[in-house]
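A.B. asks: Chains as they are written, first to last, in the numbering used here: chain A, 1 to 301; chain B, 1 to 354; chain C, 1 to 336.
Any given hint could be a false lead.
[Unchecked claim] Residues of chain C clear of chain B, computed beta-carbon distances all greater than 12 Å: (1) Glu45; (2) Arg83; (3) Ser135; (4) Arg188; (5) Arg296.
[What the hints assert, rightly or not] Per label pair, the in silico range of CB-to-CB distance: (6) A:Thr105 <-> B:Asn202: 32 to 40 Å; (7) C:Thr22 <-> B:Gly20: 50 to 58 Å; (8) B:Ser103 <-> C:Ala295: 26 to 34 Å; (9) C:Val10 <-> A:Thr105: 35 to 43 Å; (10) B:Pro285 <-> C:Lys128: 37 to 45 Å; (11) C:Gly121 <-> A:Ala271: 47 to 55 Å; (12) C:Gly140 <-> A:Glu119: 47 to 55 Å; (13) B:Thr305 <-> C:Ala295: 54 to 62 Å; (14) A:Thr105 <-> C:Arg21: 45 to 53 Å.
[As the list claims (entries may be wrong)] Below, a sample of chain C positions facing chain B; criterion: calculated Cβ distance under 8 Å: (15) Ser46; (16) Ser154; (17) His211; (18) Tyr218; (19) Leu251; (20) Ala255; (21) Arg262.
Please keep in mind that the hints were generated in silico from the structure rather than gathered at the bench.
Ideal placement from N, C-alpha and C gives every residue a C-beta, glycine not left out.
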Amino acid sequence: MTAQPQALAMPRTRSRWIPRVRAPRKLVIGLSVCAFFLLIAAIGPLLVHNAAAISADRLAPPSAAHPLGTTNTGQDVLSQLIVGARGSMTVGLLAGVLIIVLSATVGIAGAMTGGLADEALSLLSNIFLVLPGLPLVILITDYIRAQGALPIAVIIAITGWAGSSRVIRAQTLSLRRRDYIDAARVTGEPAWRIMLFEVLPNLAPILASQFVFAMIGGILTEAGLAFLGLSNINTVTWGSMLYFAQNAQALSLDAWWWFAPPGLCISLVGAALALVNFGLDELINPRLRAATPVKRKGARS
Amino acid sequence: MSDVVLSVEDLTVEYASANGPVRAVDGVSFELSRGEVLGIAGESGCGKSTLAHAITRLLRPPGTITGGTVHFQSDGQAVDVLGLDGEPLRLFRWQKIAMVFQSAMNALNPVLNVRRQLEDVLVDHEPGRSRAWRRARCRELLELVGIDVDRLSAYPHQLSGGMRQRVMIAMALALRPDVIVMDEPTTALDVVVQREILDEINRLREQFGFAVVLITHDLSLLLEISDRIAVMYGGRIVEYGPTGGMLDAPRHPYTVGLTASFPDLRGDRRPLAGIPGSPPDLSQPIEGCSFAPRCGHAFAPCAATAPALRAPATTPSADERMTVACHLYDPAEAPDGPPDALGKSLFNLTEVPQ
Amino acid sequence: MTTLQVRDLVKNFTVRSAGGRTTLTAVDKVSFTLRSGETVALVGESGSGKSTIARILARLTSPSAGEIALDGQPLGTSRRALRGYRSEVQMVFQDPFSSLNPLHSVRYHLRRPLQVHGVAGDRASQEKGVAELLSRVHLGPAETIAARYPHELSGGQRQRIAIARALAPRPRVLLADEPVSMLDVSIRLEILNLIDELKRADDLAVLYITHDLATARYFASTIMVMYKGEIVESGPADDVILRPAHPYTRLLASAAPDPRNRLRRNAAAASVPAVRVSPAGRQDAGSHSGCRFRARCALATDACARRPPDFHAAPDHLVRCWNHAEHDSHATKERI
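The task is simple: from the sequences and hints, build the whole structure.
C.D. replies: Structure representation (C-alpha cells):
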C-alpha cells in the first residue's frame, strides 16, 4: 500500500490565476495606451504653460508654433488637449470608482443576504436601470449646478450604477453556491471572513472588468454632457473642446484640427479600455485564448 | 466471418499548446467489424475522447490529425475518411457514422424542442422529403428508443437525463448509420437508467446491425457487453483483443490494475487497491513506456523504449488476436515470461449469477 | 463511544413551477445512528435525498422537522454550540475541484481550521499541524505541497487535501458525500482506503454517501438504501447486497455492470428482470399516498396504496415493503 508520502509525479503546471503566464497581447496594448493617457493626464498640465491663453492666431491650422493649430479664440489646441486629458480622465476614474463601490455594495449585499432584502435591493437597481439615463443626468446637472469633476462623477455614478450591480449580484450568487463556500462554513469560518476572504477575492475579476466598463461610461458620458453644454465649462475636457468647436461651427469651417483630436482621444481611450477588458477575460478564461494551430503539411481536423 | 466496416491505422492527433505539441493520440490502430461492439476503456487524459472526435472528423482546433489513416467500407468501397472535405464529408457524417456525446445537455440545443432537433437531421440529409414524412419518421424514432411520442414538443430541460440521452441516440439512429460512436453515453446517468439505455442500444443493434464504438472509463461495463476491448493509456492502446480473452487473462499491468479497481459486487471479498500515481502529463516528452512510473512490474527496458503492441508469445487461450504493449510479454526482453500476478482472471467465471 | 443519532428527519422544499407552488419532500422521516469506528453507507440515486441529509448533518441547512443528537445531546443553536458541533462533525465534499478555493494555497486551507478551532495557536504549531495533516493523508513533501494552489494538484491530491482539512479540528464524525465519484477509477480505491485507514486510526463514525453499491459493500458495515427521500432498506452490508429484500435494492443490484452477466447471455438464458423496467418519465414529486416505489415496482399489490412501515427481513435487516409483512414476526409500529 502507499504508506510513503505520495511523491509529486505531476510537474508543476502553468498557473492560471497568478499572472506568471505571458499576458495576452490585448491586455498589454490596452494597458499601454491607458497608461500613456494617464501619464499625460497626470504630468501633462504641469508642462503646459497656459492652455487658456488667447492669441491673435485665430483658427490657424497646425504649424510649428501650434502643433495642433488654434481655436477660434487663438487658444493652442494641443495644450487644451493635454489639460483636457486630465479633466476627462479624472471624471472617468472618479465615476468608475464610485460606480463600482455603489454597485458592488448593493450587488454583493443582495446576493449574500437573500430573501426580502435581496428582493428589495434588486427592485432598487431595476428602478434605476429603467430610468432614462441621459435625461436624468441632464436634469440633475441642471439642478445641482456644482463646480468640478466630483459632482459630475457623482451624478454619472448615480445614474449608471444599476447595470453593474446586476452583473455583480449574478456572479456573487453563482459563487455563493460553490462548494468551497460551504466548506468554509463547515470549517467554522464566521460570515464576515467568508465574505472578505473567500467570496471577494473570487469576485475580483468581475469587479475589475465592471470598473473598466464604468470608466468607459464615465468618460463618454462626461464627453456627452460637455458637448451638450451641460457640464461645468470652466474646466477643460475633451468634451468641452468639442462643445466649443461645435459652437464655433468648426466642422463647416474645415477646422478639423480642433474637433478631430479630442474625438480621437476619446475613442482611443475607450478602445484601449475595451481591450483591457477583453485581455482580462482572456487571462481569466484560458479557453478564449486563440491558440496557434500546429502547422503541418496536410494536417487537418 | 464478419467483415470490417471501419479500420484505423496508426492514427496520431496532436494539440497545440503553450509548451509545444501534445500528442493526445499516438499511433492508434484498430478494426471494427459490422455489427460488433468495440469498447475503448481508459481514464481521463488517455486520449479516448480525442480518438472519437478524430474518427468522426469533429476535432476542433487546436487539435489536428498529424498522421495515420481511417478507412470506412461503404458499399464495397473503401472511403478515406481523413481525405473527405466539404459536401462528401457532410454526407458521410451522420449517414455513415454518427456520434452520441457524453453530456446530452450540452449536445442538445436548449432552445429547440425535440421534434425540431430530429427534423433538423432529416432536413439536412433527406431534403426531398415531405413534412408529413419527416413527422412520421420523428415519431418512429422516438418509439424506437422508448420515449412517449408526446415528448416531441418538449424542450431538453424538461426531460430527465436518461430521456435526453435517448433523444441523442434517436438522433444518431435517424439515418441508419453503419457505425455509432458513443463517448461515455451513460456516465452521468443513474445505474438503473444506464442499464435501460444499454439494453436499448443492444436491442437496436440486433435490429439494425450497426457497429458500436463504446468509450467509457467503466471497464466492468465493457467486459460485460462488448465483443472486443481496447485499453488506452497515455494516448496509446496498451491491450487489445476479444473480451473473452481479456476476461480470461488480463495481461497488461494497467488492465490488471484497472479490473482490480472495481470492487466485485457479489464476489468474495479481496484486498482492494487502486493504481498509485496519476495519469501522465502528455505535454512532457515520455521516455519509454508511459505506464512505467506507476507499474509495479517495471524493469530495465521499460524506461528506455516504449513497447509495441504485439501478440504475446505465450497465449493461454488459443486466441491469436490478443495484443499487448508490454515488455514483459516480449520473449526477447523477458525470457522468463510475465510474472504470475498478471494474466489471471479475477472473476470466477464458472458460476452463473442468479 | 460517539454516536450521532438522527430521528424522523424531514426536509421540505417549496418548488415554484409554472403551475404554482408545490412542496417537494426531499427527506421524509429518516432515522439512523452513526457510531464510532463504523462506516454506514447511504446508497441512492441522484434525487434520492442523500446529499440533503449530508447537508443537514453538516448544518449547512436546517431540517424542517426531526431531531439530531450528538452523544445524546440535541443540537444547540448558539454560536458557541455551532462551533463546538463543527469541531466534532466534519464533511468531505464530492467535487475536489470546487471544494477548494482556487485563490488559496493548501497551507491556507489547512491552517484555517486549526486556527478556528484552537487546535494550534501560533505560527510554529500551525506549520507543524499542517505538516502532520499532510502526512496523515500521505502527501509530501510538506513544504512543497503546502505552497501549491488547488489547480496545481491532481484530482486525487485535491481530495486528500479536502480530507486533511476535514480532519484538522479532530472530529469524531466524518460525512463523506460521494468522495470519489468525480475521480478517476484507478484512484478511487486509494482514497476510500485512506478514509478507511483514518477511520480506524481516529475511531471515526463515518457516513459514506454514494450511488455505487460495490464500494458501499466493501467499506461499510451497514448499508441504508434511499429512494425518493425514504430509507427503504437498511441492514448489514453483505445482507443487503447479497440478499436484497426491497424491490428497489434488487433493481439497483441487478442494474450494476457485472462481467458475469456475460455468461448468462452466452448461456442463452432469457434474462427475466427482477422488476419491471419502465421507460422513465419526468421526475414527479412522487405519490404522497402509498409506497413511493409503487409506479416502478413489478411486485406491487393493492396494499401498496398505503405507505408501508418497516418490516424485518432479518433481526437487524429492515425493509419498507408490504411484501415482507408475513415474514415479519415483530413488525414495527406502523407509520403513515
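A.B. asks: Are the hints correct? Go through all of them and say.
C.D. replies: Here is what the structure says about each hint:
no.	hint	verdict
1	Glu45	4 Å, violated
2	Arg83	36 Å, holds
3	Ser135	17 Å, holds
4	Arg188	6 Å, violated
5	Arg296	9 Å, violated
6	A:Thr105 <-> B:Asn202: 32 to 40 Å	59 Å, violated
7	C:Thr22 <-> B:Gly20: 50 to 58 Å	56 Å, holds
8	B:Ser103 <-> C:Ala295: 26 to 34 Å	27 Å, holds
9	C:Val10 <-> A:Thr105: 35 to 43 Å	38 Å, holds
10	B:Pro285 <-> C:Lys128: 37 to 45 Å	39 Å, holds
11	C:Gly121 <-> A:Ala271: 47 to 55 Å	54 Å, holds
12	C:Gly140 <-> A:Glu119: 47 to 55 Å	50 Å, holds
13	B:Thr305 <-> C:Ala295: 54 to 62 Å	59 Å, holds
14	A:Thr105 <-> C:Arg21: 45 to 53 Å	32 Å, violated
15	Ser46	6 Å, holds
16	Ser154	5 Å, holds
17	His211	7 Å, holds
18	Tyr218	5 Å, holds
19	Leu251	6 Å, holds
20	Ala255	4 Å, holds
21	Arg262	6 Å, holds
When each numbered hint is compared with the structure, violations occur for hints 1, 4, 5, 6, 14.
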